[in-house]
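K.L.:
First to last, the sequence lines map onto chains A and B.
Under our numbering, the first residue of the first sequence carries the number 126, and numbering increases by one thereafter.
Under our numbering, the first residue of the second sequence carries the number 40, and numbering increases by one thereafter.
FYI, nobody ran anything at the bench for these hints, they're computed from the structure.
Cβ coordinates follow ideal geometry from the N, Cα and C atoms, glycine included.
Treat each hint with caution, since some may be false.
Said to hold, decoys possible - Straight-line alpha carbon distances no greater than 30 Å define the calculated DSBU-like cross-link-like pairs of lysine-lysine that follow:
{"hint": "1", "chain 1": "B", "residue 1": "48", "chain 2": "A", "residue 2": "198"}
{"hint": "2", "chain 1": "B", "residue 1": "114", "chain 2": "A", "residue 2": "201"}
{"hint": "3", "chain 1": "B", "residue 1": "124", "chain 2": "B", "residue 2": "41"}
{"hint": "4", "chain 1": "B", "residue 1": "124", "chain 2": "B", "residue 2": "48"}
{"hint": "5", "chain 1": "B", "residue 1": "124", "chain 2": "B", "residue 2": "114"}
{"hint": "6", "chain 1": "B", "residue 1": "41", "chain 2": "B", "residue 2": "114"}
As the list claims (entries may be wrong) - One side of the interface only, derived from the structure: several residues of chain B facing chain A at Cβ under 10 Å:
{"hint": "7", "residue": "98"}
{"hint": "8", "residue": "137"}
{"hint": "9", "residue": "194"}
Chain by chain, the residues run as shown.
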Amino acid sequence: MGHTQTEKIIAAHLADGAGTVRPGDLVEVAVDVVLSNDITAPIAIREFERLGVERVFDPARIVMVADHFVPNKDIKSAEQCARMRQFARAQNLPHYFDVGRMGIEHVLLPEQGLVGPGDVVVGADSHTCTYGALGALATGMGSTDIGVAMATGRVWLRVPETIRIVYHGRLRPWVGGKDLILYTIGRIGVSGALYKAIEFAGPVSDNLSMAGRFTMANMAIEAGGKAGLFAVDETTRAYVDGRARRPYRVYQADDDANYAQVVEIDVSQIEPQVAFPHLPENVRPVSQAGDVRIDQVVIGSCTNGRLEDLRVAAELLRGRQVHAGVRCIVIPGTQQVYLDALREGLIEVFVEAGAAVSTPTCGPCLGGHMGVLAAGERAVSTTNRNFRGRMGHPESEVYLTGPAVAAASAVEGRIAGPEEVRR
Amino acid sequence: MKMTGKVWKYGDNVDTDAIIPARYLNVSTPEELARHCMEGIPGLAVIGMTASPFIVAGENFGCGSSREHAPLAIKGAGIACVVAKSFARIFYRNSINIGLPILECPQAVEETEQGDQLTVDLQVGTITNERTGRTYQVPPFPAFIMDIIQAGGLVPYTRQRIEAGHLACQTEIKGENL
């Protein structure tokens with residue numbers, strides 16, 4: 126019996142030397158990259174210090190990004206950032222990213238070539254699974270795991286069963302990675318991949334751009350998944366080559382790999398999707414959204430903050446105005462995305478349309494700052510979670526979409542499909 | 040180790056934004072976090088310091104964020120144990136790592152109501168519902184996870200391994216560049 130991509134990567138990283146693994150095994154693996162951010166690093170550092178270890182296992186393998194509550198939203202957030210900054214300096218971490226040079230971590234790390242195919246990446250952020258788009262085994266953990274990994278370079282893992290999701294058919298206009306992953310979560314549910322890895326496959330995902338793949342892998346956690354991986358192909362290599370700071374290794378699933386489940390999805394009938402409150406599995410096609418008036422639109426995040434996402438939004442906002450009743454907030458994922466969008470004229474499009482453009486931050490996605498909702502308010506957002514109170518007041522509502530529906534909705538003042546705007 | 044007390048019952052998919060809304064993630068001590076535990080669920084009292092010692096919940100408890108603040112808030116609020124049909128995987132790891140007892144037992148959850156009196160014996164892995172008189176046996180943790188629990192969490196467990204010479208930790212900075 127062959128092995129999945131996930132099993133092969135784990136087997137190659139066993140702390141006591143490469144071997145073979147099966148789903149259910151509890152193993153210790155050597156990690157390639159250990160990530161944390163301004164809200165999870167302070168606890169990770171506290172636990173690291175409790176270990177009594179002087180130095181991180183390898184400074185070049187530790188990445189810290191100030192992205193959640195930055196630029197500092199209040200004194201307590203400033204103190205958390207200061208704690209992380211001091212640790213990064215004391216440990217001489219070359220990959221510490223602060224305001225003005227940072228980005229939303231899961232847009233930033235691939236862009237900077239800090240993660241690559243075949244890596245095991247652990248991060249104190251649940252959306253660490255984003256790097257599965259590169260063919261890495263990347264998974265979110267808590268701060269204690271990350272504190273220990275910073276000291277030892279190791280983590281314990283339960284080798285997951287793998288679900289293979291195969292996409293066939295022809296994508297309709299305006300349907301992208303976000304729509305595919307929302308549709309998938311609607312199919313398998315928010316615990317559909319609990320304790321498992323997902324491997325995305327089939328002709329549609331093979332043709333997907335890197336941006337679309339990052340979006341899909343990013344939301345594997347929203348189905349409960351430990352990781353969400355794509356096979357490494359020419360698209361991956363074209364993205365990674367010239368960026369990767371280390372040599373990378375490619376692990377492909379065997380043809381006779383053992384999958385816990387295979388899900389086949391025909392994309393031909395899939396419309397742009399909307400996840401209604403308060404779970405990412407509550408998806409509907411945009412044509413069946415009904416008349417949902419909105420107060421705010423957020424375009425950005427680790428899910429949809431890449432240049433390609435901003436291009437889609439700009440295409441719909443160009444020459445149009447954000448609806449008078451809507452605050453539209455656009456957040457480029459990194460400084461580089463911001464600069465590229467500026468040079469392409471996209472930022473001008475957003476500002477002329479009446480949108481606010483922000484420096485990179487996770488802020489509004491988790492109700493931190495830069496777009497917190499009041500009671501009774503509704504937001505359409507290209508982010509990844511619509512739990513109750515996620516973006517502010519417990520009686521506010523979040524509707525998850527891709528950038529096309531978000532931009533169209535910003536213009537119409539209600540949930541709207543891109544075709545409605547283009548009429 | 041036996042614990043007895045009343046139950047707070049929740050449904051499926053209790054997410055980490057419900058357990059501890061992100062606006063409180065600018066602090067990280069269990070005491071501060073406990074004040075806002077479960078504040079994300081409107082209409083239900085904040086658990087606070089007058090807590091019942093048991094949370095009993097449905098599927099996928101703790102889904103969402105990796106924030107360790109969630110189990111820390113629950114622990115800080117005085118919760119002795121969480122019993123659920125299933126746990127989101129990061130929450131599961133975090134709980135083990137920080138020494139918050141959690142038990143997976145779908146049948147016990149099915150047959151437990153808000154306010155029931157439970158007795159939980161972590162040593163033998165049993166949950167007894169005093170109202171119904173039923174006792175449920177929970178499958179034991181794998182030996183490796185039991186080691187972490189018995190050490191008092193991942194940090195003391197790792198310390199023991201370092202001190203026993205099973206793990207070599209860096210005391211010098213490596214020159215290798217990423």
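K.L.:
Compare the structure with each hint and give your call.
P.N.:
Hint check results:
At most 30 Å may separate the alpha-carbon atoms for a hinted pair to count; residue 48 of chain B and residue 198 of chain A exceed this at roughly 35 Å. This hinted pair checks out: residue 114 of chain B and residue 201 of chain A have alpha carbons roughly 22 Å apart, not beyond 30 Å. Simply put, residue 124 of chain B and residue 41 of chain B have alpha-carbon atoms about 21 Å apart, close enough for the 30 Å limit, and the pair holds. Between residue 124 of chain B and residue 48 of chain B the alpha-carbon distance is near 12 Å, which keeps this suggested pair within the 30 Å criterion.
This hinted pair checks out: residue 124 of chain B and residue 114 of chain B have alpha carbons roughly 19 Å apart, not beyond 30 Å. Distance restraint check for residue 41 of chain B and residue 114 of chain B: the Cα-Cα separation of roughly 17 Å lies within the 30 Å cut-off, and the hinted pair is therefore satisfied. Taking 10 Å as the C-beta cut-off, the interface hint given for residue 98 of chain B holds, the closest approach to chain A being about 6 Å. Using the Cβ-Cβ criterion of 10 Å, the hint placing residue 137 of chain B at the interface with chain A is satisfied: the shortest such distance is roughly 6 Å.
Taking 10 Å as the C-beta cut-off, the interface hint given for residue 194 of chain B holds, the closest approach to chain A being about 5 Å.
Checked against the numbered hints above, the structure breaks only hint 1 and satisfies the rest.
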